[in-house]
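Listed below are the residues making up each chain.
There are 2 protein chains.
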Amino acid sequence: MIQQKQALVVGAGLVGSLWAILLAKRGYEVQVYERRSDMRQAGFIGGRSINLAMSQRGWRALEKAGVKSKIESVAIPMYGRVMHDLEGDLTFQPYGKEGQAIYSVSRGGLNLELLNIADSFDNVSLHFDERCKNVDLDKNEVRFEHIKNGVQSNVQSPLIFGTDGAFSAIRNSMQKTNRFNYSQSYLDYGYKELSIPPNSDGSHRMDKNALHIWPRGKFMLIALPNVDGSFTCTLFLPFEKEADSFEHLQTDAQILAFFEKYFADTLSLMPDLLADFHQNPTSSLVTIRCNPWHYQHRVLLLGDAAHGIVPFFGQGMNAGFEDCTILDALMEEHGEDWINIIEIFNTPRIKDADAIADLALQNFIEMRDLVADPQFLLRKQIEMYLAKKYPSQFLPVYSMVTFSHLPYSQALAEMNAQNRLFEAVFNISNIENGWRDNPALDEVFKNWLEQRAVLALE
Amino acid sequence: MIQQKQALVVGAGLVGSLWAILLAKRGYEVQVYERRSDMRQAGFIGGRSINLAMSQRGWRALEKAGVKSKIESVAIPMYGRVMHDLEGDLTFQPYGKEGQAIYSVSRGGLNLELLNIADSFDNVSLHFDERCKNVDLDKNEVRFEHIKNGVQSNVQSPLIFGTDGAFSAIRNSMQKTNRFNYSQSYLDYGYKELSIPPNSDGSHRMDKNALHIWPRGKFMLIALPNVDGSFTCTLFLPFEKEADSFEHLQTDAQILAFFEKYFADTLSLMPDLLADFHQNPTSSLVTIRCNPWHYQHRVLLLGDAAHGIVPFFGQGMNAGFEDCTILDALMEEHGEDWINIIEIFNTPRIKDADAIADLALQNFIEMRDLVADPQFLLRKQIEMYLAKKYPSQFLPVYSMVTFSHLPYSQALAEMNAQNRLFEAVFNISNIENGWRDNPALDEVFKNWLEQRAVLALE
Chain X
1 MIQQKQALVV
11 GAGLVGSLWA
21 ILLAKRGYEV
31 QVYERRSDMR
41 QAGFIGGRSI
51 NLAMSQRGWR
61 ALEKAGVKSK
71 IESVAIPMYG
81 RVMHDLEGDL
91 TFQPYGKEGQ
101 AIYSVSRGGL
111 NLELLNIADS
121 FDNVSLHFDE
131 RCKNVDLDKN
141 EVRFEHIKNG
151 VQSNVQSPLI
161 FGTDGAFSAI
171 RNSMQKTNRF
181 NYSQSYLDYG
191 YKELSIPPNS
201 DGSHRMDKNA
211 LHIWPRGKFM
221 LIALPNVDGS
231 FTCTLFLPFE
241 KEADSFEHLQ
251 TDAQILAFFE
261 KYFADTLSLM
271 PDLLADFHQN
281 PTSSLVTIRC
291 NPWHYQHRVL
301 LLGDAAHGIV
311 PFFGQGMNAG
321 FEDCTILDAL
331 MEEHGEDWIN
341 IIEIFNTPRI
351 KDADAIADLA
361 LQNFIEMRDL
371 VADPQFLLRK
381 QIEMYLAKKY
391 PSQFLPVYSM
401 VTFSHLPYSQ
411 ALAEMNAQNR
421 LFEAVFNISN
431 IENGWRDNPA
441 LDEVFKNWLE
451 QRAVLALE
Chain U
1 MIQQKQALVV
11 GAGLVGSLWA
21 ILLAKRGYEV
31 QVYERRSDMR
41 QAGFIGGRSI
51 NLAMSQRGWR
61 ALEKAGVKSK
71 IESVAIPMYG
81 RVMHDLEGDL
91 TFQPYGKEGQ
101 AIYSVSRGGL
111 NLELLNIADS
121 FDNVSLHFDE
131 RCKNVDLDKN
141 EVRFEHIKNG
151 VQSNVQSPLI
161 FGTDGAFSAI
171 RNSMQKTNRF
181 NYSQSYLDYG
191 YKELSIPPNS
201 DGSHRMDKNA
211 LHIWPRGKFM
221 LIALPNVDGS
231 FTCTLFLPFE
241 KEADSFEHLQ
251 TDAQILAFFE
261 KYFADTLSLM
271 PDLLADFHQN
281 PTSSLVTIRC
291 NPWHYQHRVL
301 LLGDAAHGIV
311 PFFGQGMNAG
321 FEDCTILDAL
331 MEEHGEDWIN
341 IIEIFNTPRI
351 KDADAIADLA
361 LQNFIEMRDL
371 VADPQFLLRK
381 QIEMYLAKKY
391 PSQFLPVYSM
401 VTFSHLPYSQ
411 ALAEMNAQNR
421 LFEAVFNISN
431 IENGWRDNPA
441 LDEVFKNWLE
451 QRAVLALE
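Protein chains in written order, with the working numbering: chain X, 1 to 458; chain U, 1 to 458.
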């Protein structure tokens with residue numbers, strides 16, 4: 001049981017500022033230290049993607065923080081994927097049931113709202129331009145240095161939360177302690193953001209209520225809508241070694257030839273392609289895993305600091321926010337008994353974070369390759385049908401991750417089970433010509449359910 | 001092509017001191033910096049295991065360094081494993097063919113010899129008590145601080161080798177560079193060293209020409225002979241959570257009861273058991289992997305700094321030494337073209353290091369559990385028979401790792417293939433009663449060879 005309800009939150013990004021709010025609501029005195037300048041004065045400085053896909057887990061957290069309706073009013077629902085093929089022909093694939101959507105949200109705008117709410121609490125104090133210089137885990141003390149005036153200060157707290165992102169300084173200090181498992185693993189792919197500006201009347205140049213994908217097998221382009229009428233596009237491409245890679249996109253001619261070959265329908269939409277391409281960085285994609293997430297139940301990592309994942313399931317922020325809602329529920333139940341709270345939280349949450357890390361890596365293959373595959377699209381259609389016909393027995397994995405609060409590890413296990421189901425489904429002759437009330441499909445499905453029941457008993 | 005034949009070696013443990021010798025022999029001016037004091041004056045300070053199992057790969061490196069015969073004269077051959085069961089009954093299992101052995105060698109003695117040889121070169125300078133304070137990768141510069149007098153010095157070199165062990169400071173600086181893949185993964189097991197002293201006449205209290213194992217399923221004790229007539233024992237046991245774990249071995253009564261239950265035959269051999277148990281640390285077991293091992297072909301990690309592995313295949317030092325012999329052969333071929341040398345070295349060597357890391361993890365299960373399994377011992381006997389009958393077509397994995405220079409990754413692939421073979425072998429009825437010139441075995445073996453040939457063509 002901690003003696004004083006005090007907490008230090010290191011990092012005021014999305015997860016840090018949300019977590020400060022939830023702690024404040026529980027009556028904690030919260031000190032928040034952030035390396036960057038206050039974006040409310042300095043403006044939002046990127047470094048991370050411009051927009052995000054908010055889904056169920058994220059919304060629940062925003063509701064707890066009391067900011068859901070405000071964010072909702074400027075979020076753009078995306079009801080499905082629109083695939084662009086080489087000829088520019090479009091295919092639509094819904095994400096879930098009628099009306100279900102993921103929402104394109106501005107990272108900067110969301111962070112700003114969360115900071116405003118955090119700042120509105122008397123028991124929260126925000127400190128910007130403070131770089132973490134040193135962490136003394138045993139003393140529960142962090143030394144910060146003010147970036148502009150060089151003043152150093154030691155901040156001690158019975159609880160320290162590391163919400164300082166994928167390159168967390170708090171985690172880096174924990175890495176040197178005994179038996180701390182850690183991995184950072186990079187994809188051979190980089191990404192670069194590009195922009196599709198609005199029409200002159202401010203409207204979007206493509207359907208704004210969808211996530212656009214140009215799947216090209218080994219690489220892809222995607223686009224998410226912004227409220228100002230623009231789209232932010234992201235090109236995911238191997239760094240090098242492949243013929244189609246960033247390494248071989250140096251000159252204007254190379255870049256234009258590449259886009260003409262693979263993304264011809266975007267050329268007329270991206271007047272600033274060459275300037276964007278040259279100016280914007282080529283960023284890397286890392287997966288971070290560690291275990292435990294805490295040091296002696298007094299220092300705890302949350303969000304990307306604990307589990308940085310690749311963006312292909314749109315769950316990075318959602319998973320970080322869910323860390324906070326789960327912990328908040330544990331505070332509800334266990335009060336200030338943080339030894340117990342962290343003990344209960346650590347192991348299953350790491351399992352779930354590992355699962356969404358794996359799912360996100362796998363979803364890259366789905367997005368860049370499978371969504372262009374007729375059999376994959378057929379499977380998605382049959383999934384929708386089964387979900388509607390057997391709502392209590394079949395929930396597609398995408399829906400489980402995106403539109404439910406079921407543990408990510410359950411979604412990962414379900415994926416393997418559903419892969420087995422669809423192996424059998426695709427053995428049904430002529431299934432592509434009719435699955436609605438097809439008795440062969442019903443039988444395959446019932447056999448699968450029975451098998452699962454048997455497996456569950458074993 | 002580097003301009004000057006200069007190199008900085010950070011860390012003068014086994015791999016660092018060997019590597020300094022090989023560089024010196026190729027005409028490099030070598031600066032060696034080591035954090036510890038010179039063991040030739042200060043005595044050997046542990047922290048790592050007291051003895052090591054030297055095998056083929058290690059001997060080749062020592063031969064290159066010109067120290068093989070000297071070490072050989074004080075190495076103790078171990079021709080196989082002696083398993084001690086709960087009743088104290090013994091089973092012997094040879095490691096290889098007649099005369100093949102792994103050799104118990106003193107870590108301190110070996111390190112000392114290597115330092116002496118390194119020091120005998122005019123173009124090697126050794127610096128002790130120098131702690132690495134900072135690494136500037138882009139400037140090729142390392143700052144050291146003398147532990148005793150606090151004097152700091154910057155050492156710049158066109159080539160820097162990080163041979164500073166599993167907790168490498170050089171690697172730690174590389175970890176912060178973009179796209180550096182890294183993992184540190186701990187077993188839930190700890191280990192503790194204990195001692196069996198010599199008889200009063202200086203002789204060994206057990207057969208000295210074997211590695212002794214007390215396999216107990218989830219944990220084990222092992223013992224390796226020392227030249228002074230003693231054995232160094234190591235207890236590998238879960239840290240906690242299990243009934244049999246270090247957590248539950250706190251009092252004298254608990255420790256004695258545990259040894260009486262599981263290792264009764266050792267009690268009379270270990271008069272200092274309780275003192276050893278309380279005084280000696282419980283150490284952890286880590287696997288370190290990273291990729292790439294170099295920074296811009298100018299800074300290169302070797303040995304545990306690049307690939308720390310668990311000790312269960314006795315290959316940690318052997319693998320580190322093999323790094324050096326492979327690089328030495330590349331120097332022979334490519335002169336000072338280090339860009340080329342490191343480019344050729346990096347990818348396949350990482351694959352091999354990953355393979356021996358996996359093999360070492362798997363061998364823990366073999367040592368603590370399988371060696372007590374009659375079917376496993378039968379397999380080992382049939383392996384020996386097949387190796388003798390089909391010497392060009394069948395080499396047991398243990399021999400491949402221990403008595404050959406074949407790449408570790410080939411041994412790992414071979415293990416999977418041989419597991420398939422033995423699935424079929426154990427389907428032969430009555431195989432346990434006779435495998436010599438058993439036509440069924442010959443047929444299974446020939447089918448397996450044919451399958452492999454087909455697989456190889458695919």
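Watch out, some of these pointers could steer you wrong.
[Unchecked claim] Within a straight-line C-alpha distance of at most 30 Å, the following computed DSS-like cross-link-like pairs (lysine-lysine) qualify:
| id | chain 1 | residue 1 | chain 2 | residue 2 |
| --- | --- | --- | --- | --- |
| 1 | U | K218 | X | K351 |
| 2 | U | K133 | X | K176 |
| 3 | X | K176 | U | K389 |
| 4 | X | K192 | U | K148 |
| 5 | X | K241 | U | K133 |
| 6 | X | K148 | X | K133 |
| 7 | X | K176 | U | K192 |
| 8 | U | K351 | X | K176 |
| 9 | U | K148 | X | K351 |
| 10 | X | K176 | U | K218 |
| 11 | X | K148 | U | K176 |
| 12 | U | K139 | X | K148 |
| 13 | U | K139 | X | K176 |
| 14 | U | K133 | X | K139 |
| 15 | U | K133 | X | K133 |
| 16 | U | K176 | X | K133 |
| 17 | U | K176 | X | K218 |
| 18 | U | K351 | X | K351 |
| 19 | U | K176 | X | K139 |
| 20 | X | K148 | U | K241 |
| 21 | U | K139 | X | K133 |
| 22 | X | K351 | U | K241 |
| 23 | X | K241 | U | K139 |
| 24 | U | K139 | X | K192 |
| 25 | X | K176 | U | K148 |
| 26 | X | K139 | U | K148 |
| 27 | X | K241 | U | K176 |
| 28 | U | K241 | X | K133 |
| 29 | X | K218 | U | K351 |
| 30 | U | K241 | X | K139 |
[Said to hold, decoys possible] Label pairs and their in silico Cβ distance ranges:
| id | chain 1 | residue 1 | chain 2 | residue 2 | range |
| --- | --- | --- | --- | --- | --- |
| 31 | X | S283 | U | F167 | 26 to 34 Å |
| 32 | U | G150 | X | K241 | 41 to 49 Å |
| 33 | X | I344 | U | L377 | 38 to 46 Å |
For the record, the hints were derived by calculation from the structure and aren't laboratory data.
As the structure is a computational prediction, the values presented were derived from the model and not from experiment.
Even for Gly, the Cβ is constructed at its ideal location relative to N, Cα and C.
Now the hints, each set against the structure:
no.	hint	in the structure
1	K218(U) <-> K351(X)	holds, 24 Å
2	K133(U) <-> K176(X)	holds, 15 Å
3	K176(X) <-> K389(U)	violated, 51 Å
4	K192(X) <-> K148(U)	violated, 50 Å
5	K241(X) <-> K133(U)	violated, 36 Å
6	K148(X) <-> K133(X)	holds, 14 Å
7	K176(X) <-> K192(U)	holds, 21 Å
8	K351(U) <-> K176(X)	holds, 26 Å
9	K148(U) <-> K351(X)	violated, 46 Å
10	K176(X) <-> K218(U)	holds, 28 Å
11	K148(X) <-> K176(U)	holds, 24 Å
12	K139(U) <-> K148(X)	holds, 27 Å
13	K139(U) <-> K176(X)	holds, 25 Å
14	K133(U) <-> K139(X)	holds, 23 Å
15	K133(U) <-> K133(X)	holds, 16 Å
16	K176(U) <-> K133(X)	holds, 15 Å
17	K176(U) <-> K218(X)	holds, 28 Å
18	K351(U) <-> K351(X)	holds, 27 Å
19	K176(U) <-> K139(X)	holds, 25 Å
20	K148(X) <-> K241(U)	violated, 49 Å
21	K139(U) <-> K133(X)	holds, 23 Å
22	K351(X) <-> K241(U)	holds, 18 Å
23	K241(X) <-> K139(U)	holds, 27 Å
24	K139(U) <-> K192(X)	holds, 29 Å
25	K176(X) <-> K148(U)	holds, 24 Å
26	K139(X) <-> K148(U)	holds, 27 Å
27	K241(X) <-> K176(U)	holds, 23 Å
28	K241(U) <-> K133(X)	violated, 36 Å
29	K218(X) <-> K351(U)	holds, 24 Å
30	K241(U) <-> K139(X)	holds, 27 Å
31	S283(X) <-> F167(U): 26 to 34 Å	holds, 30 Å
32	G150(U) <-> K241(X): 41 to 49 Å	holds, 47 Å
33	I344(X) <-> L377(U): 38 to 46 Å	holds, 45 Å
Checked against the numbered hints given earlier, the structure breaks hints 3, 4, 5, 9, 20, 28 and satisfies all the rest.
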